[in-house]
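Trainee: Sequence:
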Amino acid sequence: MTLSNKTLISVVEKFGTPLYAEQRDMPEIREGDLLAIKNAGAYCYSMGGVYNLRSMLAEAIVYQGEWKLVRKGLRNEELVSQILNESIPGEYR
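Residue numbers are given in the numbering used here: position 46 of the sequence shown equals residue 46, and the series is strictly consecutive.
It is worth saying that the hints were derived from the structure and are not from the lab.
No residue lacks a Cβ here, since even glycine has one placed at the ideal position from N, Cα and C.
A couple of the hints might just be wrong.
[What the hints assert, rightly or not] Keeping only pairs whose Cα atoms sit at most 30 Å apart, straight-line, the calculated DSS-like set for lysine-lysine is:
1. Lys38 with Lys72
2. Lys6 with Lys68
3. Lys6 with Lys38
4. Lys68 with Lys38
[To be verified] Cβ pair distances, simulated, as ranges:
5. Glu22 with Glu91: 46 to 52 Å
6. Arg75 with Glu13: 15 to 21 Å
7. Ile88 with Gly49: 17 to 23 Å
8. Ile9 with Glu59: 40 to 46 Å
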């Protein structure tokens, strides 16, 4: 992330809602950068789901300037496996 190159950015969830930030003057964000969302409401892991083939994101905690991964994200392969295991009865797997 380059702090000097600022631009207007809207931060939205994968399918456009919810809208976390609209037209904020922020540094340029690139894939792989970390972005903190202080309050994700029902979109955090505890209220999340894998509907519409959306995988669960990783969660991290920041404490006294240090961050730690507290829950790893769900990879696409894990998501497909989870869906198949939950929706197909055992005798048909």
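Trainee: So which of those numbered hints doesn't the model satisfy?
Mentor: 8
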